[in-house]
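2 protein chains.
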Amino acid sequence: MKRDSRLSSVLHALLHMAQSDAPMTSGALARCLATNPVVVRRTMGFLRRAGLVASDRGQAGGWRIARDLSTITLRDLHLALEEPGIFAIGHRNAAPDCLVEQAVNAALDATLAEAEALLLRRMGEVTLADLAEDFARRHASRSAHDKETGHDA
Amino acid sequence: MKRDSRLSSVLHALLHMAQSDAPMTSGALARCLATNPVVVRRTMGFLRRAGLVASDRGQAGGWRIARDLSTITLRDLHLALEEPGIFAIGHRNAAPDCLVEQAVNAALDATLAEAEALLLRRMGEVTLADLAEDFARRHASRSAHDKETGHDA
DNA sequence: GCGAATCGTAACATACGGTGTTACATGAAA
DNA sequence: TTTCATGTAACACCGTATGTTACGATTCGC
Chain A
1 MKRDSRLSSV LHALLHMAQS DAPMTSGALA RCLATNPVVV RRTMGFLRRA GLVASDRGQA
61 GGWRIARDLS TITLRDLHLA LEEPGIFAIG HRNAAPDCLV EQAVNAALDA TLAEAEALLL
121 RRMGEVTLAD LAEDFARRHA SRSAHDKETG HDA
Chain B
154 MKRDSRLSSV LHALLHMAQS DAPMTSGALA RCLATNPVVV RRTMGFLRRA GLVASDRGQA
214 GGWRIARDLS TITLRDLHLA LEEPGIFAIG HRNAAPDCLV EQAVNAALDA TLAEAEALLL
274 RRMGEVTLAD LAEDFARRHA SRSAHDKETG HDA
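So the sequence lines, in the order shown, correspond to chains A and B.
Using the numbering used here, you'd call the opening residue of the first sequence number 1 and step up by one each time.
Using the numbering used here, you'd call the opening residue of the second sequence number 154 and step up by one each time.
In short, the hints are calculated from the structure, not lab data.
Please read these numbers as outputs of a predicted model, since none were measured by experiment.
Certain hints may be false.
[What the hints assert, rightly or not] Which residues of chain A face chain B? A few of them, derived with a C-beta cut under 10 angstroms, are:
(1) 7
(2) 16
(3) 32
(4) 36
(5) 76
(6) 81
(7) 134
[To be verified] Quick list of in silico lysine to aspartate or glutamate cross-link-like pairs, EDC-like style, CA-CA up to 20 angstroms:
(8) A:2 x B:262
(9) B:155 x A:68
(10) A:2 x A:116
(11) A:2 x B:236
(12) A:2 x A:82
(13) B:155 x B:235
(14) B:155 x A:83
(15) B:155 x B:278
(16) B:155 x B:236
(17) A:2 x A:83
(18) A:2 x B:269
(19) A:2 x B:235
(20) B:155 x A:133
(21) B:155 x A:125
(22) A:2 x B:157
(23) B:155 x A:4
Heads up, the beta-carbon is just placed ideally off N, CA and C, and yes, glycines get one too.
Please model the complete structure; the sequences and the hints are all you need to start from.
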């Protein structure tokens, strides 16, 4: 299955934005993500419509985070992206009047719905602030290691 | 996202097979699923290689379930299909040496892994026998309703 | 043995969605 | 006014699930 990586992309972008004082342009974010500025604008547009980020046009414009990092969860981002479904598996409603199909769909849907509920709950517990903190920890760890081995911090 | 409906398909097929004494041909199953015989053979081939069903060639050949219905779970079927991933969302490893990307991937992977574990556990608790029973209940319910309203049972 | 039926599989076509790219209009600041 | 940036449409590209055709291999009934 081809996976939707937009959630990963916006997380990556938001963490870079969190490290920056000034707004970041779609071009700058595209360089961070190794992708295209239009793709960034297209994807970040979902977050803007959800009120999670804001964008300004013109010189000194760009993208900035509109809320405190501790108030934005993975769940918020996932919902903002309007992803049609979390799962790569689903049922085919080719014969909705077939009782066999109905029994199959009911069983699958119930199981998937439970897993989706858990996933959304867990995603609601992880904030951007948590991720930023994790990043800072990794950064400090690498800096210390680089210092030991003689590399740049 | 385009969803993989093979699990739903094989469930549908297996329940029809469970209702039949004689082996069912890929053509007959294809009619049940409103699809193509080759698609049926292709998909059921995964179950055959996993030892869940058996197929016979030649006249009076076809497909039959190789194990007791109560010993086959949704988990068995899912694993037999060798689906690359349950989720339609994932991370893009465009910059694996980027610490931001690493922090994002770690957070996403941990959350998704937990949800996947729950899903597989739940799928391991649902057997084909359960589904067949649910189908029988729906069938009885519709039959009773049809009798009341004057339709065929 | 012969022919019909069936599976096994390769090869190709089709549909669809995520992603990348170009182009251009809109808006804001120097 | 010029420049820079977003907003968005339009299209190309690619990978994957699915559908289709074709043909070889195997088994049963005659």
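So, going through the hints one by one against the coordinates:
1. 7: This interface hint holds because 5 angstroms falls under the 10 angstroms limit.
2. 16: 6 angstroms, holds
3. 32: 8 angstroms, holds
4. 36: 12 angstroms, violated
5. 76: 14 angstroms, violated
6. 81: 9 angstroms, holds
7. 134: This hint holds: residue 134 of chain A lies near chain B, its Cβ roughly 5 angstroms from the closest one there, short of 10 angstroms.
8. A:2 x B:262: Satisfied, since the Cα-Cα distance of roughly 17 angstroms is no more than 20 angstroms.
9. B:155 x A:68: 34 angstroms, violated
10. A:2 x A:116: 19 angstroms, holds
11. A:2 x B:236: The given pair, whose Cα atoms are some 12 angstroms apart, holds under the 20 angstroms limit.
12. A:2 x A:82: 17 angstroms, holds
13. B:155 x B:235: 17 angstroms, holds
14. B:155 x A:83: Cα-Cα ~12 angstroms, so holds.
15. B:155 x B:278: Roughly 27 angstroms between the alpha carbons, so the hint for residue 155 of chain B and residue 278 of chain B is violated.
16. B:155 x B:236: 14 angstroms, holds
17. A:2 x A:83: 14 angstroms, holds
18. A:2 x B:269: 17 angstroms, holds
19. A:2 x B:235: The hint holds at about 15 angstroms.
20. B:155 x A:133: With a Cα-Cα distance of about 35 angstroms, the restraint between residue 155 of chain B and residue 133 of chain A is violated, given a limit of 20 angstroms.
21. B:155 x A:125: Given that 20 angstroms is the threshold and the Cα spacing comes to 28 angstroms, the pair is violated.
22. A:2 x B:157: 10 angstroms, holds
23. B:155 x A:4: Measuring from Cα to Cα gives roughly 10 angstroms; hence the hint holds.
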